[in-house]
Amino acid sequence: MPRERANGEGTLYFETKRDRWVGAITIDGRRRKVVAHTMTEARKRLDAMRAANDRGEQTGDGNVTVASVLDRWETRVLAGRDLEPATRDVYRWCCDVIRDELGPRRLRALTVDDVEAMLDRLSSRRSGSRPLSRASLVKVRSVLGQVLQFAERRGLAVKNVARIAELTPAAARARPRKSLEPAQAQQLFAALLEERLGPMFTLMLATGLRPGEAAGLMWTDVNLKRHIISVNHAARSERGKTVITDELKTRGSRRTIAVPEIVAEQLRRHRNTQNTERLGARSWADSRLVFATRAGTPLSAANVRRELKRICTQAKVPVMLPNELRHSAASIMSDAGVPLEQIADLLGHENTRMLDQTYRHRLRPSITAGVATMETLLATQS
Numbered sequence: 000m001p002r003e004r005a006n007g008e009g010t011l012y013f014e015t016k017r018d019r020w021v022g023a024i025t026i027d028g029r030r031r032k033v034v035a036h037t038m039t040e041a042r043k044r045l046d047a048m049r050a051a052n053d054r055g056e057q058t059g060d061g062n063v064t065v066a067s068v069l070d071r072w073e074t075r076v077l078a079g080r081d082l083e084p085a086t087r088d089v090y091r092w093c094c095d096v097i098r099d100e101l102g103p104r105r106l107r108a109l110t111v112d113d114v115e116a117m118l119d120r121l122s123s124r125r126s127g128s129r130p131l132s133r134a135s136l137v138k139v140r141s142v143l144g145q146v147l148q149f150a151e152r153r154g155l156a157v158k159n160v161a162r163i164a165e166l167t168p169a170a171a172r173a174r175p176r177k178s179l180e181p182a183q184a185q186q187l188f189a190a191l192l193e194e195r196l197g198p199m200f201t202l203m204l205a206t207g208l209r210p211g212e213a214a215g216l217m218w219t220d221v222n223l224k225r226h227i228i229s230v231n232h233a234a235r236s237e238r239g240k241t242v243i244t245d246e247l248k249t250r251g252s253r254r255t256i257a258v259p260e261i262v263a264e265q266l267r268r269h270r271n272t273q274n275t276e277r278l279g280a281r282s283w284a285d286s287r288l289v290f291a292t293r294a295g296t297p298l299s300a301a302n303v304r305r306e307l308k309r310i311c312t313q314a315k316v317p318v319m320l321p322n323e324l325r326h327s328a329a330s331i332m333s334d335a336g337v338p339l340e341q342i343a344d345l346l347g348h349e350n351t352r353m354l355d356q357t358y359r360h361r362l363r364p365s366i367t368a369g370v371a372t373m374e375t376l377l378a379t380q381s
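Residues 0 to 381 (numbering that gives the first Met the number 0) are what the sequence shown spells out, left to right.
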């Protein structure tokens, strides 16, 4: 028999078939329920629902799903935050992961075990997908925690189970970034001279451009007479398709940088080669792009990775990921004594925090050391 609580405070009773305690209360003419494994927990949840209603907050009826709250949080909270495009993309990616894993789950029935089971699945990952690193799992858990906090404030959830969930000890740590030593960089520079995308990788290694910035570079942003390029566009993947956007990763990403003369000369030769390719092609998608496929379409990140891996293997240097060319550029310049502030400006960082944490350095005054360092490194290949 249901056990009545005094003065209309609601009802607590035990469901034998489902082995659980149920709390019920009528709010605005609608019967609301909470469930728990113990009477004490059911009472707490019932009290929280009633308190939320007293504060004028919306209360759930037990049927609200994780997916529906995710949708509300993205619309009400995420959309209003002043975030860099790349940061917003990470939040949306986390939301998509959570939606795939827990979307249909009823919010009030969500447990710590459910969250930890999700994290365990992601750490070993489903077939066809790479396991998530520990850092990625932390991001997913953090976003879920923010969503559940949003739900708590509206009486849709009683406990933020994401804040309690622990990561599996087996979660893979992110692979440390590698960096080429100066001699290895020279070896790679030499191998790039005869490669179709050699000028792209040379530019990235000489200036520290992000892979997306190099792939999104347009001829209108290149001034070969003055040996400068402007970073105004980037390539990014959207729903499996590479697109060019003017939304850059950070506020400091939009910048104009000098390039060594040897790199400028490679870009001149590349422009002539590309003009020949374009004349011989049936169609050319985008003549603005400095680096493109043989059909003039934007380069995909996967193809760029494969091409760089092949070149590194043939050159007998450590296999680099495209972003590790950027890491190598910063490391070589730092080791040569270029001030971190100048390297940060060159790489498009807003401050030196990332460089302080990542790169070894010796400080000494130098205004043109970035270009001078790469000029010296490349001189042996001219």
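Just so you know, these hints were derived from the structure itself, not from any lab.
Careful, some of the hints might be misleading.
Derived pair list, reagent style DSSO-like, types lysine-lysine, alpha-carbon separation capped at 30 Å [as the list claims (entries may be wrong)]:
1. K158 <-> K177
2. K315 <-> K177
3. K308 <-> K138
4. K177 <-> K224
The structure displayed is predicted, hence computed values, not measured ones.
Hints versus structure:
1. Distance restraint check for K158 and K177: the Cα-Cα separation of roughly 42 Å exceeds the 30 Å cut-off, and the hinted pair is therefore not satisfied.
2. Taking the CA atoms of K315 and K177, the gap is about 15 Å. The hint holds against a cut of 30 Å.
3. About 29 Å separates the Cα atoms of K308 and K138, which keeps this hinted pair within 30 Å; it holds.
4. Between the alpha carbons of K177 and K224 the distance comes to roughly 34 Å, so the proposed pair goes past 30 Å and is violated.
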